[in-house]
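**Q** When you read off a place in the sequence shown, starting at 1, and then add 49, the result is the number in the working numbering.
Be careful, since some hints might not be right.
Straight-line Cα separation of at most 30 Å, DSS-like style, residue types lysine-lysine; simulated pairs [claimed, not checked]:
#, residue 1, residue 2
1, K296, K190
2, K61, K201
3, K304, K209
4, K209, K89
5, K190, K86
6, K190, K276
7, K304, K201
8, K238, K267
9, K276, K201
10, K238, K190
11, K296, K238
12, K209, K86
13, K238, K276
14, K190, K209
15, K296, K276
16, K296, K209
17, K61, K209
18, K267, K209
19, K304, K276
Bear in mind the hints are in silico, worked out from the structure with no lab data behind them. Model, not experiment: these values are computed from the prediction.
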Amino acid sequence: MTNEYKTVLTDKILHFLYRNVSFQALDENEQQQFLEKFGKQPLFIEVIEIAIALEEMIAEVEATMPKIQDRDYLFPIEQQKQLLKDRTVIDGNVLYVPFEEMKNLYSPMIVILQQSDAMQGVEAFTKGTILPLFNLCAVQKRDLIILPFSNKPAQPLLFKNGTLEIELFNQFLQHFLTGDAQIMPAIDKAIELFTQDNIGHQRDLMIITDNQFSDFHKLNQEVAAGKMQELDIDLAVIAMSETAFEKQPISFADKVFFAND
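Generate the whole structure from the sequences, applying the supplied hints.
**A** See below:
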């Protein structure tokens, strides 16, 4: 990243923010503070522009796919109604409807983010990849937990309902770990966090990595897969290189995406 990188909040960037539910969750004063704090930071601008580019790329791919019929899937509001119906209890002539549970229909989404020496060159890309997840979590009213790691996991960053809490977001944006990468402690920590989840619906885990782990020889793929299955965790991996992934694969992932594609 160069000093010449622009630090101007363009209309496109502002549009991205103001249509983002996680940004909308801030009050007007907090939104202004957010813009003043991050608006002239080169890394912030770069991260947002990467997020915008990713969204546009995804939209282009979706536009080329056959249209899915409405009956083939449940819209979020219909899904919420179905979950509410499933959790309703009938006792005689009394119907107990858990309206409070409408606020917490989804388990947290956890992102394991590698921040080793080897990942410094793709810092903006990895953080830009995460940024759209804030909006998704805000829409679904679910917590977003970002778990940076190098040779050990850092303190998890908990964004309640995906809201862009200013100081916590600043920590996410500005902090970067160093050293080598050990994947096992990070996976163990994520599993520990999911065991504390009482909702048990749509447990999504994402790992963003270059697949260059110093402890790969210790990783028991069958044991890890068993834990994922036991907790019903859906694991997606965003790998920086297909070649590196083939050398040190995470074979129990449900989905794998390659950044160099």
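**Q** Please list, smallest to largest, the hint numbers that this structure does not respect.
**A** Hints 1, 2, 16 and 18 contradicted; others consistent.
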